[in-house]
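Chains as they are written, first to last, in this note's numbering: chain A, 1 to 108; chain B, 1001 to 1290; chain C, 2001 to 2769; chain D, 3001 to 3163.
Check before you lean on any hint, since a few could be wrong.
[Unchecked claim] Listed below are the simulated PhoX-like cross-link pairs for lysine-lysine, each with C-alpha atoms no more than 25 Å apart in a straight line: (1) D:K3010 x C:K2039; (2) B:K1053 x D:K3010; (3) C:K2099 x C:K2285; (4) D:K3010 x C:K2134.
The set of hints was computed from the structure by calculation and includes no laboratory data.
One-letter residues, chain by chain:
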Amino acid sequence: MATVFLSIPLRRYTGGEASMDVPGATLRSLVRNLEERYPGIAASLVNPEDADRLMPGLGAIVDGEPANMGLLTPLEERSEVHFIPAIAGGAIAGGAPVPERDGGGRCG
Amino acid sequence: MHPFIYVAPRTLDEAVAVLEQHGERARPFAGGTDVLVQLRGGRFDLDAIVDMKGVPEATTLELNGSLRIGAAVPCYQVYENSAVAAAFPGLIDAASLIGGIQIQSRASLGGNLCNASPSADGICPLIVHSTVAVVRGPQGERRVPVEEFCTGPGATVLERGELLVALEVPAPARGFGAAYQRFIPRNEMDIAVAGVGSALTLDTDGTTIASGRIALAAVGPTPLFAAKASAFLAGKPATPETFAEAGEIASTEATPIGDMRGTAEHRVELVKVLTRRTLAVALGRAQANR
Amino acid sequence: MSTTADRPAQEFKVVGSRPVRHDGVDKVLGRAQYGADVKLSGLIHGAVLRSPYAHAVIKKVDVSRAEAAPGVFAAITGNDMPVTAPRLVDMMEEVTNLKWASERVMAHGKAVYRGHPVAAVAAVDQNTALEALKLIEVEYEPLEAVISLEDAMKPDAVIIHDDLVGDHLGEKVPHTNIAEHTRTEFGDPEAAFAEAAHVLERTYTIARAHQGYIEPHSSTAFWSPDDKISVWTTTQAPFGVRSSMAAVLKVPLSDVRVVPTEIGGGFGGKIGLYMEPLAAVLSRKSGRPVKITMDRKSVFDATGPGPGGQVTAKMGVDKDGKIVAATATIRYMAGAYPGSSISAATAGIFACYKVPNVRIDAYDVVINMSKTAAYRAPGTPQATFASESLVSELCETIGMDPMEFHLLNAAEEGTRRPDGPVFPRIGNVACMEAIHNSDHFKSELGESPDGKLRGRGFASGYWNGGGNRSSVTISVNDDGVVSLVEGNPDIGGTRTTIAMQAAEVFGLPAHDVHPTVVDTDSVGYNDLTAGSRTTYASGQAAIEAARQVVEEIKKRVAMIWETEPENVSFEDSVFQNKVAPDQRFTFKEAAGKLGQTGGPVSKTGAVNVRGSGGGSFAAHLCDVEVDPETGKVQILRYTAAQDAGKAVHPSYVEGQFQGGAAQGIGWALNEEYYTSPDGVMQNASFLDYRMPTALDLPMIDAIVVEVPNTNHPFGVRGIGETSIVPPAPAVGNAIADAIGVRMYQTPMNPSRIMEALANKRNGKNGHQG
Amino acid sequence: MTQQETPVRKVPVACTLNGQQTEFLAAPYQSLLEALREVVGLTGTKEGCNDGNCGACTVSLDGRIVDSCLVLAAEVDGRQVDTIEGMAPPHGLHPLQQAFLEEAALQCGICTPGFLVAARALLEREPHPDEHRIRLWLAGNLCRCTGYDKIVRAVQRAADETT
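Chain A with its partners taken away, still in its complex shape (with noise of 0.2 Å):
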């Protein structure tokens, strides 16, 4: 089981609830358990254009660590995972995973 932190904006899909326990082995299937618990909350955790990423702009960290993986990310049996904004303006430390780059290009 992992210990899930949810930001104040998650709380709508799980009545104002901040932290569970919920199992998974990596950040996907936690958030498929989450879903099953909280219906609704995938829709603010996953990338809709891409279901092995996070939703832009949300940050994930594991154990005190910016999920780099994004949701393939591993998680322990006492794992601590924090959803919280992903930082705009620059940052990579203070909790988001650097953005995804590759396929950028292929908008046009």
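Given the coordinates of chain A, assemble chains B, C and D onto it according to the supplied hints.
This is chains B, C and D only, laid out in the frame that chain A set:
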């Protein structure tokens, strides 16, 4: 930058002729430390630059009791001349703090005067030394007291075709001392938030001020001669109390604005402090000069 | 959870030494090629016409006269740039609306900051291009400029972007300049404040400040007829420039090749796109390579400084001085587009302390000034000016020694950072102890001989360095020297610090590893040179590549010795047959035998590493002397202690501490954007921006603290940024100690100090809280 | 923009550049900095501000340091110009260059040529300047990376070692 031609005359007449031909679209050029920056900033355009550094009258420094500083003589030549430095420490105060070493290799006191910046460091000490600006133009030569030379920010008495040839600084009388200080937030490379030049001449008793002159920078549209504060000094004892009172009077002659370099209130305070401090230094120099 | 077990202290041969940097000779000879030094066959020069208004509708742009001028090859406007739909993408270091990213480099219909590009030309030389700009006709309809928090946040504010939908605690709010409002909360701060023995709340204002790199931006692009685009640019993020160029120009990613030049300072400010796409489009139009170099004024007007803003901080302590609760409201002005590091500010503001009950609200607000960018520990120096000034004042209120307060409340292993994560082993306390034991701390402040006032101030600070993706390729030459290819532009000696980590693995002298920074086609992906990550993360890629090389060479020598690779040991740069110990090759000997044992050895370390193990903490001590008659502040003495984990090259670690301290001192004392009400920066020159000169600073004592980072094989932490965090409060606290009055606003310039002294004489308090 | 009467033609400049007699054509409005970089091809002299406030473009003109952005190329006709490219002896380094390397006195390196040219002029005049004198002399050169500490130490070291 609008393209301009470069003219390097060998005589004053040649220089005057080029300036007269182009009018406002030509400027004399010495160190270039102001004019090139202003051209790049789009403040004005020129068709011709007239480099004065090949004109002997503009490039000579002559000490003969009085001091004649060619308009294009760079600051370092003034402060590295030990005879000049000994006789005119009040001028050296300014010549050695304009810009950094690189700027002092090029910038001249004459250029500083012609640039007519309200915050010019070079002008106050010239004023308190009762310096006269020697101007040459199509109608010949005329002489203008430095305190009358600047007419507004960046504006001078120079007419079409006229240029500054040299600055004539009278020989300091016995008992004369002068000093210049400015206030800047950093320790170098800044424009004065306020600057004060002070001079006094001691009476034969060595303790009474026979006459004094105070000039202020960066607290009005031009560097200005503080007439009231200057007049106040005459006949007063050369004491800290007198200097403080002179500072108070000088501060009433200041009309500063607040801008990125400091607030108006701060500038008024600085006039008081710097007047007091420069008079104290000037007194020391006056006593050494008796 | 991160492991916290201590490993036995490692012995190093190369790491921790001070070799001359590999690129040093080129740099002292003037031969190194920086952005503006790029020369290409047929090169022409571009210039950019920038909006004189901070906020204006662009009704018409006519470049026809400019285009027709002699010597001009091409002119472009917003109409020549691809249009991009609003869409959130991850660009560079931040999430950006692609439409805004595109509009930021060239205005489409509306200028939203002074200096916003409106048109560009390319001509035979720089001056011809600049003169041609004067021939461009632009019709503007000026709009009211929004340049303060107050104006941007008021209910009837002028709205800068019609299409901005704010995220206010999860609510989507249209018609606003507040792009984001976030909140983090643990415990019940209100209840704790009610119980607290002392509570203090203050509001602090921090000026927008520029990174001040000495090299202006310069970009050269060639858009080849086969639609391959090459870009030579001075950037911290060549791979980021590649992806954002591709996005903005709507071309395939791999058609863009970015060649990073030497870079003359960045500090976070050379991450974003500026002129690269403009040079590329001018190149396509003209068929020539085009170089555009910014002038200094444009650097101030149109590139991103760090944000200014306002921070209200509140802290409560019990009767023993233990913190029971803290709250903060952070409001930063992002500039013309959203994104001002508010989450880093949230992470950093109380990070040095154990705070059992905490709430932090943060607002990201758009205004009509150039978009801010990362500036060394983005967002954190501003927030820390508030928290560390508050702590100092609180200590004064309760009569507690600040050092004692810090130690009593210091965050340590196991402490929960106020935004959530739990710290592994960190150097917070060790840095304070280093200051406590320093000669500086033990010294007497002394009396000024001429009536000036002296004071001493202390502050601590935090920044959590980043990790992420790096690729390094190492190839072994016949003579036993190895070449190392990397993709991080070297701003401060990182070629050497990366090479040293490989050299450590090989047991070779640092100079037997030859590092080169290459273009985006020539090495695997690398995240940017920023976030204190380069030595830390790319160093791990180098270690990984070096270890692979060693393993490969073990196979080769095993072949020669007719044994199994497992039987080959490698220690002290010697391969040895464990079975037949007299069989041994030095690394150099082995390198000469690679050709006949299977060919060249070249290995790539490609890593995606975790963050910097709890980050790097710092503690700074500052002595000042204030002239109460003029308000002038002189820094008399300065000491910076910071945790480097393990200093790879101590000289460059010290240099980072000293340089960050100097920047922070500048921010504290004089640096600001002095802006007119219509949004025009009045001091857009090095003359009036007033960065510290050599004469303004003392020697800066750097104390390198080493608390190993368990996330790095050698214990290295990223250290580049933390040093800018403590200076402003350290200076402010020293000023307060000297003059007996607190400063609540940066810059603490002479006019402000005189005002504070006057208020003190009149019995007025300067704070707004 | 008014049309001017005098055509603006390039002017020939003959100077001694790093000890070599050098001739080039420069536009009369072109700075020495731009001419060195764009016409002569010596890019070691850097542009940081183009208004005399950073010292990155420092060169020596007849033995005195100047900001080359504030000198017209046309002015140096007949004069002696020394840039960073002329500082090192053939196949060697000037003691200041060596000291900058050993003291880690550069980080990004963009200000380094200006500092070296300025520091050389100081040590040629005053072989043993104290710390204050070094800081004063170098105040016209901005560095944003180092906080100046290691630069000042490098100059001190070079001064000590050239005795």
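Comparing the hints with the structure gives:
no.: 1; hint: D:K3010 x C:K2039; result: holds (22 Å)
no.: 2; hint: B:K1053 x D:K3010; result: holds (20 Å)
no.: 3; hint: C:K2099 x C:K2285; result: holds (23 Å)
no.: 4; hint: D:K3010 x C:K2134; result: holds (22 Å)
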